[in-house]
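Using the sequences plus the hints, can you model the full thing?
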Amino acid sequence: MSPKVVVALLYVITVWGGSFPVAKLALSQISPINLATVRFTVASILFIPVLLLSQKRRGEPLPIPKGRDILALNGLALLGVTTYFMVQYTAVSLTTASNAGLIVAISPLFAALFAALFFHEPLTTRKLLGIALAILGVATVSSRGTFEFSFGNKSMTGDLLMVVNALCWALFSILGKKMMQRYSPLVTTFYITIFGTLWFYPMALPLGVLQKAANLNAAGWAAVVFLGAFCSVAAYYFWYWGLSQMEASRVAVFQYLQPLVSFGLSAVMLGEKINPATVLGAVLIISGVILVTRAPQVQIESKV
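Offset between the sequence shown (1-based) and the working numbering: plus 86.
Since the hints were made in silico from the structure, they are not lab data. Any given hint could turn out to be false.
[Unchecked claim] So the derived label-pair ranges between C-beta atoms look like this:
1) Val339 / Ala304: 35 to 43 Å
2) His206 / Asn239: 34 to 42 Å
3) Phe233 / Leu296: 41 to 49 Å
4) Gly231 / Glu146: 50 to 58 Å
5) Pro147 / Thr232: 51 to 59 Å
6) Ala304 / Phe233: 36 to 44 Å
7) Gly238 / Lys359: 21 to 29 Å
8) Tyr287 / Arg212: 39 to 47 Å
9) Tyr287 / Leu139: 22 to 30 Å
10) Asn239 / Lys142: 45 to 53 Å
11) Gln297 / Ser88: 41 to 49 Å
12) Leu215 / Asn303: 41 to 49 Å
[To be verified] Below, computed lysine to any residue pairings styled on SDA-like, alpha-carbon distance capped at 20 Å:
13) Lys298 / Val311
14) Lys263 / Phe196
15) Lys152 / Gln267
16) Lys263 / Phe200
17) Lys90 / Ala338
18) Lys240 / Leu356
19) Lys142 / Arg268
Since the model is a prediction, treat every value here as computed from it, not as a measurement. In this text, a Cβ means the ideal position worked out from N, Cα and C, and glycines have one as well.
If you want it as structure tokens, here you go:
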């Protein structure tokens with residue numbers, strides 16, 4: 087395993103894990119929809135030269151989608167960017183950053199369920215056990231070990247929204263498989279980022295997004311640039327480069343570190359308390375995800 091690849095993937099996991107506490111800090115100055123809009127505006131602007139240089143290095147022109155591909159990319163953008171980050175940032179504004187970073191890690195569980203539904207991939211005993219463990223982990227984290235639930239509690243509402251967020255990402259991943267084979271993953275991500283950003287504006291402009299962005303202080307803009315440049319553009323570039331350098335199954339191992347990074351950075355940056363219930367929930371969630379993602383899988387064909 088190349089040290090350069092390891093460093094690149096560790097960078098990706100670190101910034102993705104850190105995105106939750108950084109977003110939490112930014113949300114003290116700006117609303118969820120406006121934060122998502124400004125973040126992806128920054129990402130879209132920076133993505134253009136990065137992608138053009140990448141295509142030039144590969145000796146390939148930038149493919150221009152047409153017809154049904156434009157509709158499909160817009161649909162994916164609405165789901166995987168606009169809806170996903172509106173839900174995520176609303177959730178982060180309600181719950182703790184550590185809870186958000188842990189709960190979003192269950193998206194592979196929903197992916198397994200969708201694979202069973204759409205591609206008839208069997209739900210093995212191992213996968214079902216993993217799903218059960220992760221659900222128990224989410225319940226432990228959200229209730230802080232009491233298993234008493236009240237959705238009048240804004241933190242639990244945020245946790246529930248993070249479950250919806252994980253579901254959105256799993257569905258996006260399944261539906262986006264064909265498009266990422268038709269184009270490259272980086273090109274697909276570029277167009278989805280651009281279209282997703284455009285879909286934010288009809289909602290954000292009436293909320294005064296331009297004025298709100300102008301009113302951000304230096305810390306607020308640092309958070310936005312971190313999210314847009316380092317978590318979106320640079321992270322996706324290095325992630326897909328890592329995937330091109332080693333087997334996907336080995337790259338996926340790094341994903342298990344993301345909730346732990348989020349957990350740790352939330353404690354350091356925000357002073358969020360680490361309690362035994364959260365630690366137990368984290369262990370259950372990560373164990374469940376490992377059981378699901380490391381289980382033998384049937385090859386999924388592109389049928390969507």
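Each hint, compared with the structure:
1. The hinted range of 35 to 43 Å is satisfied by Val339 and Ala304, whose Cβ atoms lie roughly 37 Å apart.
2. At about 39 Å, the beta-carbon gap between His206 and Asn239 stays in the expected band of 34 to 42 Å.
3. Checked against the hint of 41 to 49 Å, the pair Phe233 and Leu296 passes, with Cβ atoms roughly 45 Å apart.
4. Separated by about 53 Å at the C-beta atoms, Gly231 and Glu146 satisfy the suggested range of 50 to 58 Å.
5. As the Cβ distance of Pro147 to Thr232 is approximately 58 Å, the hint placing it in 51 to 59 Å holds.
6. At about 43 Å, the CB distance of Ala304 to Phe233 agrees with the hint of 36 to 44 Å.
7. Range check, Gly238 to Lys359: about 22 Å between beta-carbon atoms, so the 21 to 29 Å window is met.
8. Taking the beta carbon of each, Tyr287 and Arg212 are about 45 Å apart, inside 39 to 47 Å as hinted.
9. Under the hint 22 to 30 Å, the C-beta atoms of Tyr287 and Leu139, about 27 Å apart, fit the expected range.
10. A C-beta distance of roughly 52 Å is found between Asn239 and Lys142, which places it inside the suggested range of 45 to 53 Å.
11. In this structure the hint that Gln297 and Ser88 lie 41 to 49 Å apart at CB holds, the actual value being about 47 Å.
12. A C-beta distance of roughly 48 Å is found between Leu215 and Asn303, which places it inside the suggested range of 41 to 49 Å.
13. A C-alpha spacing of about 15 Å is found between Lys298 and Val311, which places the hinted pair at or below 20 Å, so the restraint holds.
14. For the suggested pair Lys263 and Phe196, the alpha carbons sit about 15 Å apart, so the restraint of at most 20 Å is met.
15. Taking the CA atoms of Lys152 and Gln267, the gap is about 16 Å. The hint holds against a cut of 20 Å.
16. With a C-alpha separation of about 13 Å, the suggested pairing of Lys263 with Phe200 holds against the 20 Å cut-off.
17. For the suggested pair Lys90 and Ala338, the alpha carbons sit about 16 Å apart, so the restraint of at most 20 Å is met.
18. Simply put, Lys240 and Leu356 have alpha-carbon atoms about 18 Å apart, close enough for the 20 Å limit, and the pair holds.
19. Between Lys142 and Arg268, the direct Cα distance comes to roughly 19 Å. Compliance with the 20 Å bound is thereby established for this hinted pair.
Taken one by one, the earlier hints all hold for this structure without exception.
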